[in-house]
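Modelling step: build the complete structure from the supplied sequences, incorporating the hints.
The listed protein sequences derive, respectively, from chains S and Z. Heads up: the first sequence at position 94 corresponds to 94 in this note's numbering, and the numbers run straight through without jumps. Heads up: the second sequence at position 17 corresponds to 130 in this note's numbering, and the numbers run straight through without jumps.
It is worth saying that the hints were derived from the structure and are not from the lab. Since we're looking at a predicted model, the values are computed, not measured. Here a beta-carbon is modelled for each residue, glycine too, at the ideal position from N, C-alpha and C. Among these hints, one or two may not hold up.
[Stated by the list, open to error] Below, simulated DSS-like cross-link-like pairs (lysine-lysine); rule was C-alpha separation at most 25 Å, straight line:
hint, chain 1, residue 1, chain 2, residue 2
1, Z, K184, Z, K218
2, Z, K169, Z, K150
3, S, K24, Z, K184
4, Z, K181, Z, K150
5, Z, K218, Z, K150
6, S, K78, S, K24
7, Z, K155, S, K68
8, Z, K155, Z, K181
9, S, K24, Z, K155
10, S, K24, S, K68
11, Z, K155, S, K78
12, Z, K218, Z, K169
[As the list claims (entries may be wrong)] Short derived list, chain S residues pointing at chain Z, Cβ under 10 Å:
hint, residue
13, Q37
14, A88
15, E101
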Amino acid sequence: DAGVIQSPRHEVTEMGQEVTLRCKPISGHNSLFWYRQTMMRGLELLIYFNNNVPIDDSGMPEDRFSAKMPNASFSTLKIQPSEPRDSAVYFCASNSDMNTEAFFGQGTRLTVV
Amino acid sequence: GESVGLHLPTLSVQEGDNSIINCAYSNSASDYFIWYKQESGKGPQFIIDIRSNMDKRQGQRVTVLLNKTVKHLSLQIAATQPGDSAVYFCAENMGSGYSTLTFGKGTMLLVSP
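Here's what the structure looks like:
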């Protein structure tokens, strides 16, 4: 398996623009997580899906952030409109059962200027 | 002006030394713990895990110790190698019944040849 695949690897955008980050979880995994990593706050869980259903979105910072999982093999994280403080590395991770390790993608480095 | 960011605790060791990285977790109900390694430009990678019914678990060159009384985890790396240089995170499952992991702030390990 190729692991969790994220795209793009790098994104530079202007403030106010819409940004869409993409994730393909490991085949067979039924849980998917979006994390954000910054120097100030470390790794923060944004949202968690189980069987394509959002279970916990309490980490989503504000209404500008939204996430979808239309099927078991694809998820998106959208920021609209983007702001400079959204600059971070965004990771997608997946796992197959409760209380097991999550497998992370390589991340998307987002820079909003 | 100078930006204020998160200054990671750093452990500097010589190649061949044993390393011990410590972590304090927050939730006494947590029942599953993981150590992740994150190299520059990559996503976190699973190293070793331990469940709350255990005090110690060994892997290849790594050992995790769990002290539930003081809510403390440690990762011991034997015969540390330059390739072990990375940021190490502990993560806990908050015992909610779901798969979400909460990550610590991380420790940077620097191994000198």
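Given hint K169 (chain Z) paired with K218 (chain Z) - CA-CA distance at most 25 Å: 22 Å, holds
Under the criterion of a CB-CB separation shorter than 10 Å, is Q37 (chain S) in contact with chain Z as hinted? With Cβ-Cβ at 9 Å, under 10 Å, it holds.
Taking only the CA atoms, is the gap from K155 (chain Z) to K68 (chain S) under or equal to 25 Å? 24 Å, holds
Let me know if the C-beta of A88 (chain S) comes in closer than 10 Å to any C-beta of chain Z, holds or violated. 12 Å, violated
Take a quick look at whether K169 (chain Z) and K150 (chain Z) sit within 25 Å of each other, Cα to Cα. 19 Å, holds
Holds or violated: K24 (chain S) with K155 (chain Z), Cα cutoff 25 Å? Cα-Cα ~16 Å, so holds.
For the pair supplied as a hint, K218 (chain Z) and K150 (chain Z), is the alpha-carbon distance within the 25 Å limit? It holds: about 12 Å lies between the C-alpha atoms, which stays within 25 Å.
Straight-line Cα separation of K78 (chain S) and K24 (chain S) no greater than 25 Å? 15 Å, holds
Quickly compare the C-alpha distance for K24 (chain S) and K68 (chain S) to 25 Å and report which way the hint goes. 12 Å, holds
Satisfaction of hint between K181 (chain Z) and K155 (chain Z), Cα-Cα up to 25 Å: 31 Å, violated
Hinted pair, alpha-carbon criterion (25 Å max): K24 (chain S), K184 (chain Z). Please report holds or violated. 35 Å, violated
Measure nothing beyond the straight line between the CA atoms of K155 (chain Z) and K78 (chain S); if it is 25 Å or shorter, mark the hint as holding. With Cα atoms ~22 Å apart, K155 (chain Z) and K78 (chain S) stay inside 25 Å; holds.
Hints 3, 8, 14, counting from the list given before, are not met by this structure.
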